[in-house]
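Colleague: Following the hints, put chain B in place on chain A, whose structure we already have.
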Amino acid sequence: MSHLRGFYLLVAAALLLPLIFPDNYYVTVVGVTAALHAILAVSLNLLMGYAGQISLGHAGFFGIGAYASAILTTRYGWNPWPAMLFGLVLTGVVAFTLGRPILRLKGHYLAMATLGLGIIINILLVQTGSLTGGPDGLGGIPTLSLFGWAVDSDLRWYTVIVSVLLAVVWLVLNIINSRSGRALRALHGSEVAAEMMGINTTTTKTGVFVLAALIASLAGSLFAHQQAFVSPDSFSFFFSIELVTMVVLGGMASTYGAIMGAIILTFLPELLVVFEDFEVLIFGAILMSMMIFLPQGLFVGMQKLWRRVATEESRRGAA
Amino acid sequence: MALLEVHGLSKSFGGVTAIADLDFGVPEGQVYSVIGPNGAGKTTLFNMLCGIYSPDEGSIRFLDREIIGRLPHQVAELGVSRTFQNLQMFFNMSVLDNVKVGCHLRTRGRIWSNALRLPGTRREEKQAERWAREAILFCGLDDYLESHADALPYGVLKRLEIARALAASPRLLLMDEPAAGLNDTETKQMRSLIRQISGTGITVLLVEHNMGLVMDVSDRILVIDYGSRLAEGPPEAIQNDPRVIEAYLGGEIEYAV
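Just so you know, the sequences run in chain order A and B. Counting from 1, one number per residue, gives the positions in the first sequence under my numbering. Counting from 1, one number per residue, gives the positions in the second sequence under my numbering.
Excised from the complex, chain A in its bound form (with noise of 0.2 Å):
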């Protein structure tokens, strides 16, 4: 199907770079941070980019499915499943409930309700010490085992997070191109006609809500499992505005741009450490760079150049 080729392109590249780079830092151990990125701009995209809802308080969902996973598995020794499916059920009611008056907002004053609803989870994380360690964090929390298969080696948590990334990017391709992520994009381009045309608005919008806080969820629980310890300073309002650039560097209403926006903000700072002490500096020179050539995101924004240069190349060719 049309809408896949680029889909495939990406699981082509995820079973290559670990079968050609084994053991090699920046695929194992930076390339599973990406990836859990790339999850979590690919549905804060969903939420952004396709229906326009902005969202400040992103990380705080991946907080709620991180926290659910830690404190069930090292407190009350549940199995990190049930936990995890805890932790999607938690974060689903959360976001149903806040959702639907959050959401009746608009612009400005969206933007400000979900960063104080993202702050407030990130106060009780902190706040709640007898449960989630307060500050301090909470540590030793297993890992994951399906089947017998314990994920205990960079390479296997490698494999799960990025079948986790790529079954997530699927589903994604296939909601945008069908009714309901039309009706997203409806609801982007204009409320009122999205309403003539039958979109219930209200419950479309609560529904990507939702589904975006989920898969953050979800996330969540996967980088509590992998890290082995979770403290608020991963969930804080920072990480969640480190969101919202991946999804504007790489382009708004654009999953691959989402997850290439991903892979540039973990990989920049790694690559800049030789910097030292201009790291920031250079940082963040870059992104404004980067916003300024190619102010509709890069992969945007290189689609259209690329584009426009085979445009040109085939009028060149018939002339």
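FYI, nobody ran anything at the bench for these hints, they're computed from the structure. If you're wondering where the values come from, they're calculated on a predicted model, not measured in any experiment. Each hint should be verified, as a subset may be incorrect.
[Unchecked claim] Covered by chain A, per the in silico footprint, the following chain B stretches (three or more residues, Cβ under 8 Å):
# : stretch
1 : 83 to 91
2 : 236 to 244
[Stated by the list, open to error] Here are a few chain A residues that sit away from chain B, every Cβ distance over 10 Å (derived from the structure):
# : residue
3 : LEU9
4 : VAL29
5 : SER178
6 : GLY189
7 : MET196
8 : PHE283
Each residue gets a CB set at the ideal place from its N, CA and C atoms; glycine is no exception.
Modeller: Positioned in the frame of chain A, the structure of chain B alone reads:
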């Protein structure tokens, strides 16, 4: 019985009366036009007919079901579709996808079946594509099929809005100033498009300022002024009605201060 029946409809914003005790009926299969000077309440009327505003008083019955109290998407479910005076395009989508959104109510696929690309979804996608292409062809937009909506000229967008509305296969199509901003050639095309739409049996309710167009395509015309009915009848009767001429050309203007 008329397809759409409006009785005792009133709406005011703050102290300003937009529509006052309005009665009219749109017979099935006709092109019914609503005209009136600027600020007469035409757009307010339209917004009440499709559930965007709720009136202070009165009733709007479509196919003998009450529209008041329903949300716009619920009104759309009854078989009402519309176009907008100021374009409400999905500029983030292609022409084909814009029109496919129009097929929303004719398909049922839920998000999980869409996400897993189940056979039902595949079937529906093909069906939606067929319907959308039909509507695009009908409105003469086949050249723009794959174009992005934000790259199209105004006149094309006006027809694209109609194609999107037609893809919903409505019983009643509300058209809010379809010829506004169009040049002579485009207006002529719009005239024949409205006739074609009416020819398929869809009832058209038209709000338009271009009198030539209105007189040409309408079966009946309702003239409103200050939110109330000034005259109603076939085009010939309206053209010769002294009250209408006065309202439009001024006569002795009395400003309500």
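Colleague: Take the hints in turn and mark each one as holding or not.
Modeller: Outcome of the hint check:
no.	hint	in the structure
1	83 to 91	holds (count 5)
2	236 to 244	violated (count 0)
3	LEU9	19 Å, holds
4	VAL29	31 Å, holds
5	SER178	4 Å, violated
6	GLY189	3 Å, violated
7	MET196	5 Å, violated
8	PHE283	30 Å, holds
Of the numbered hints listed earlier, those contradicted by the structure are 2, 5, 6 and 7.
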